[in-house]
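Chemist: So the chains spell out like this:
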Amino acid sequence: MTIGSDRPNPAGETPHIYCPALHGLSTRLADAAFLMPRIDQNRHVKEADGHGHWAACIAADPFGSNAAYFARLLANGYSGVVNWPSSILLEGQTRQEFSTIPATPATEYAYLAKACDAGLRTRAFFLTPEQATEANSAGLKDLILHPGILLDVDDAGSEMILRALSSIVVTVKAQSPNVTVMIYTSDWHEELLQLSRLDCDGFVTLTGTQA
Amino acid sequence: MTQTNADFQFGAVVGSGMTAQAADRSGADYLLALNAGRFRVQGASSLTCFLPIRDANAWVMEFAEREILGRVSAPVFAGLTVSDPSTNLDGLITTVQDHGFKGVCNFPPNALVSGRIRDLIEAEGLGFSRELEMVRRARDADLDALVYVNSNEQAHAMLAAGATTICANIGFTTGPTGIDSILNMRTMARLVDEVLHGLPSDFPTLCAGGPIITPEDAMAVWRNSMVKGYISGSTLDRLPIEQTLEEVANGFRMISRLSRHNRKINDAGLRLLGSSSTIQATNRDIADLAGETEPVMIVGEPGVGKSTTARFLYSMSDRANQRLSIVDCAGLEPNAGRIQLMGSARVSGHPSSRGSLEDASRGSVIFEAVESLSSDLQGQILRFVEDGTIQRIGDTDQRTVSVRILSTADQTVYAETAENRFRPDLYYKLAVHQLVLPPLRDRIEDLHELVDHFSSQYTKGEQVRFSNSALKMMMDYHWPGNVRELKNVVARAVRKARGKTVAQRDIEFFELPLRKPSQLSPALADPVLPKSESDWILAALVRHGWRRAKAAEDLGMSPRTLFNKIKKYGLERF
Chain A
1 MTIGSDRPNP AGETPHIYCP ALHGLSTRLA DAAFLMPRID QNRHVKEADG
51 HGHWAACIAA DPFGSNAAYF ARLLANGYSG VVNWPSSILL EGQTRQEFST
101 IPATPATEYA YLAKACDAGL RTRAFFLTPE QATEANSAGL KDLILHPGIL
151 LDVDDAGSEM ILRALSSIVV TVKAQSPNVT VMIYTSDWHE ELLQLSRLDC
201 DGFVTLTGTQ A
Chain B
1 MTQTNADFQF GAVVGSGMTA QAADRSGADY LLALNAGRFR VQGASSLTCF
51 LPIRDANAWV MEFAEREILG RVSAPVFAGL TVSDPSTNLD GLITTVQDHG
101 FKGVCNFPPN ALVSGRIRDL IEAEGLGFSR ELEMVRRARD ADLDALVYVN
151 SNEQAHAMLA AGATTICANI GFTTGPTGID SILNMRTMAR LVDEVLHGLP
201 SDFPTLCAGG PIITPEDAMA VWRNSMVKGY ISGSTLDRLP IEQTLEEVAN
251 GFRMISRLSR HNRKINDAGL RLLGSSSTIQ ATNRDIADLA GETEPVMIVG
301 EPGVGKSTTA RFLYSMSDRA NQRLSIVDCA GLEPNAGRIQ LMGSARVSGH
351 PSSRGSLEDA SRGSVIFEAV ESLSSDLQGQ ILRFVEDGTI QRIGDTDQRT
401 VSVRILSTAD QTVYAETAEN RFRPDLYYKL AVHQLVLPPL RDRIEDLHEL
451 VDHFSSQYTK GEQVRFSNSA LKMMMDYHWP GNVRELKNVV ARAVRKARGK
501 TVAQRDIEFF ELPLRKPSQL SPALADPVLP KSESDWILAA LVRHGWRRAK
551 AAEDLGMSPR TLFNKIKKYG LERF
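Chains A and B, in that order, give the protein sequences. Using the numbering used here, you'd call the opening residue of the first sequence number 1 and step up by one each time. Using the numbering used here, you'd call the opening residue of the second sequence number 1 and step up by one each time.
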C-alpha cells in the first residue's frame with residue numbers, strides 16, 4: 001500500500017492513499033503535516049475520483065457532515081479511509097490543547113468507525129499500544145503503526161527504535177489476535193531504520209516525497 | 001511593577017467584516033486578519049488555525065480583501081504562516097502590499113506548538129527562523145510587522161529583524177475556550193514582563209492569550225506589567241457574541257413563559273393585575289367574596305398585595321359607600337391600642353372618643369397584619385367579633401356595631417395559631433373565608449403585565465419598553481419581596497434606562513442573599529456550611545465555568561463589581 005499526494009491512479013494496482021496535504025513536503029516534514037494550514041485536505045480528497053483507492057481524511061475538520069462526506073467518498077469511488085495527517089504525533093501542551101477541539105486519536109478512531117458504518121474500509125494510524133487499544137475499542141481491526149517523528153537518529157538509536165516498534169507490533173497482536181498491523185515507511189525510513197526487517201502484516205509506503 | 005503611562009493600545013483579531021468594523025468603530029489601534037478569527041466566526045475553535053483545513057494565507061487574503069480592507073480606518077495586518085516550504089516569501093510580501101495591508105503578522109506562530117513537531121518544523125527551517133525572515137523582507141518593503149513571540153530571546157530577535165510591534169503571546173485563550181490554565185492575572189503579568197524584558201521602553205508592546213477573558217483582565221495585566229496593550233481574539237469576536245446571542249435567544253425562549261394579556265379580565269374592573277390562571281382564579285374568588293358579609297382573612301407572603309386586595313374587597317362590597325377603618329395591628333401598643341380600637345368614655349377634661357371599630361359602623365374594618373396583635377387585644381377583638389358590641393374604655397355601656405371584618409396576615413399566622421400565640425378561636429372567627437394570594441414566583445407569567453403597569457405609572461403613562469433579556473432576568477429571579485419588590489425594581493430600572501429600552505444591565509435586585517436554597521450550590525444551600533460572600537461568589541464562578549460575565553449576571557452584579565470582589569477575596573482562578 002502507498003500513501004502520497006499523487007491522485008489515485010485508475011490503473012494503479014497497488015492500493016493507494018490519496019493525501020494531498022503531503023504535496024511538496026519532504027519525507028521528514030510529512031510528519032508535521034497535521035499542523036501545516038496550507039490546504040483544505042478533506043475538500044481536495046472529496047473532489048477527486050477515488051478509483052477504488054483510499055482517502056486520507058482530517059477527522060478534526062469542524063465543518064460539514066460526516067455522513068454526507070462519507071457518502072460523497074463512496075460516490076466518488078473511494079474504497080477506504082485513513083486518519084492522516086493525524087493527531088497521534090502531538091505531544092505535551094499541544095496535545096492537551098488540541099484535545100479541546102477535540103483533535104485526539106480517540107476522536108479520529110470514532111470518525112473511522114463511522115466511516116466503517118457508512119460502508120468504507122478503514123485503516124487507523126497509531127503510535128503507541130494505548131492508541132492501538134483505543135482503535136480496537138472503536139471496532140477498528142486494521143492498523144498502521146507510525147514509527148514516530150525521527151530527529152537525529154544514529155545507528156544505535158535506529159536499532160533501539162526497531163526493537164521498540166517490533167515490541168509494539170507483538171504487544172498489539174497479543175492483545176487482539178484478529179488485528180492486522182501494517183507499518184508506515186518510506187525510502188528515507190528504510191535508509192535510516194530498515195523497517196522492512198520488521199515482522200508485520202504489510203507496509204504503507206510514502207511516495208512522491210524526497211528525503 | 002505598576003503601569004504609569006496612560007495609553008493603552010488595543011489590537012483586535014478579526015475574522016469578518018462585521019467584527020472588523022465593530023472593532024474599528026470602537027477605536028482599535030490594530031486589526032489583525034487571522035485565519036483563527038475566521039474560524040471562530042464560523043463556529044470553530046481558534047486551534048483549528050493550525051490544521052490543513054484551509055490554505056491559511058490565501059484565506060486571509062480572500063476574506064480581508066472582500067470584507068475588511070478599504071472599509072476600516074485602523075491599520076490591518078495580515079496573519080501569515082510560513083511553514084509551507086512552497087511559500088515564496090517575496091511573492092507573499094508583494095501580495096500583502098498589493099492588497100493594501102499595513103503590515104504582516106506571523107500567525108499561527110510555530111512558537112505555540114510544543115514537542116517534536118515544533119522541533120521538526122524548526123529543523124526544516126520553516127519555523128521561527130523563517131518568521132524572522134518574513135519580517136525582514138516586510139520591513140524592506142516598507143510594511144510594518146506586528147509579531148507574536150513567547151520568549152525573551154524571540155522578542156529580541158524580532159526587534160533586531162525590524163518588527164514594529166511585539167506581542168507576548170502566553171498561549172491560547174483559556175477558560176471558555178475549553179483550554180485549561182492555572183495562570184492568574186498576576187502570573188500572566190509576570191510572564192509578559194519576562195518575555196518583553198529589555199525591549200526599549202518606548203517600543204510598542206502588546207500581550208495576548210492565556211487567562212485574559214475580559215477587558216478587566218486585560219487591565220489587570222496592563223496595570224501590573226510594562227506591556228502597553230492587548231490583542232483581543234476570542235475575547236472580542238466570540239465570547240461577547242456568544243453571550244449576546246444567548247441573551248437574545250433566551251429573550252425569545254421566554255416569550256412562551258409569558259401569559260397573553262387577558263383584557264376581558266382586567267377590564268372588568270378587578271385590580272389584581274395579571275392574566276395567569278392563578279391570578280384569574282384569585283380574582284374570581286375576590287368577586288365571589290365581595291358580596292359576602294362574613295369575615296375574610298387574606299393570607300400571603302410580604303408584598304403579594306394583601307392590603308390592596310382587602311381594599312378591593314371593600315370597594316366591591318355593598319358597604320363601599322360606608323366608612324372604612326384600617327387598623328395596623330403591628331403598630332398597636334397594648335394599652336393605647338385598646339383605646340384606638342374601642343374608643344374612650346368622657347373623663348375629666350377629655351371628651352369621649354370613638355374607636356376604629358365604632359368609627360367603621362355600618363362600614364368595614366381591615367385588620368392589617370392581624371397575626372401581630374398582642375394577646376390582650378386579641379381578646380378584645382374576639383369579644384367584638386363574637387357579639388358585635390364594643391365597650392368604650394372607661395364606659396359601662398355596650399354599643400352594637402355592624403362592621404364587615406377583613407383581615408390580612410402573612411403565613412406565620414398558621415404557626416402562630418398552632419402554637420397558641422394567636423388565639424385559635426379568633427383565627428377561626430376571622431378566617432370564615434380565606435383568600436390565599438400566590439407569591440409572584442408562582443405566577444411569574446404575569447410579570448410582563450405587571451412591569452408594563454408599574455413602568456407606565458413611573459412615566460406618567462408613557463410606555464417604557466423592557467428588553468426580553470431584561471424580562472428573562474426578572475423572570476428567573478425568585479422575588480422574595482413579591483410584587484412590592486417588583487415595583488421597586490421597575491422604578492429603579494426605568495430611572496436608570498433614562499427613557500431608553502430597559503436592558504439587563506438596568507435591572508438591580510437588592511435582596512440576593514435571600515435566594516431560594518434550591519438555586520444555590522449544594523455547599524451554599526447547606527445551612528451548616530458558612531455562607532460568606534466569598535463562598536457565594538465562588539459558587540457562582542464554579543457554576544459558570546469561571547466565566548465572569550455569566551457569573552456576574554447570575555449574582556446580579558456588574559462584571560466590574562464582581563471583578564473587584566474576586567480580587568478582594570483572592571478568588572482569581574487558583
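Any given hint might turn out to be false.
Stated by the list, open to error - Some chain A residues well away from chain B (every beta-carbon gap over 12 Å; in silico): (1) Pro10; (2) Leu35; (3) Arg38; (4) His44; (5) Gln93; (6) Ser99; (7) Leu162; (8) Thr180; (9) Glu190.
Claimed, not checked - Partial pick of chain A residues on the chain B-facing surface, computed with a CB cut under 10 Å: (10) Pro85; (11) His146; (12) Gly148; (13) Asp201.
Unchecked claim - To spell it out: a stretch of chain A is covered by chain B in this simulated footprint if at least three of its residues, at any positions, have a beta carbon under 8 Å from a beta carbon of chain B; those stretches are: (14) 54-62; (15) 65-74; (16) 100-107.
Quick caveat, the hints were computed from the structure, so don't treat them as lab data. Just so you know, these numbers come straight off a predicted model, no measurement behind them. In this text, a Cβ means the ideal position worked out from N, Cα and C, and glycines have one as well.
Chemist: Against the structure shown, which of the earlier numbered hints fail to hold, in ascending order?
Modeler: Those not satisfied are hints 2, 3, 4, 5, 6, 11, 13 and 15.
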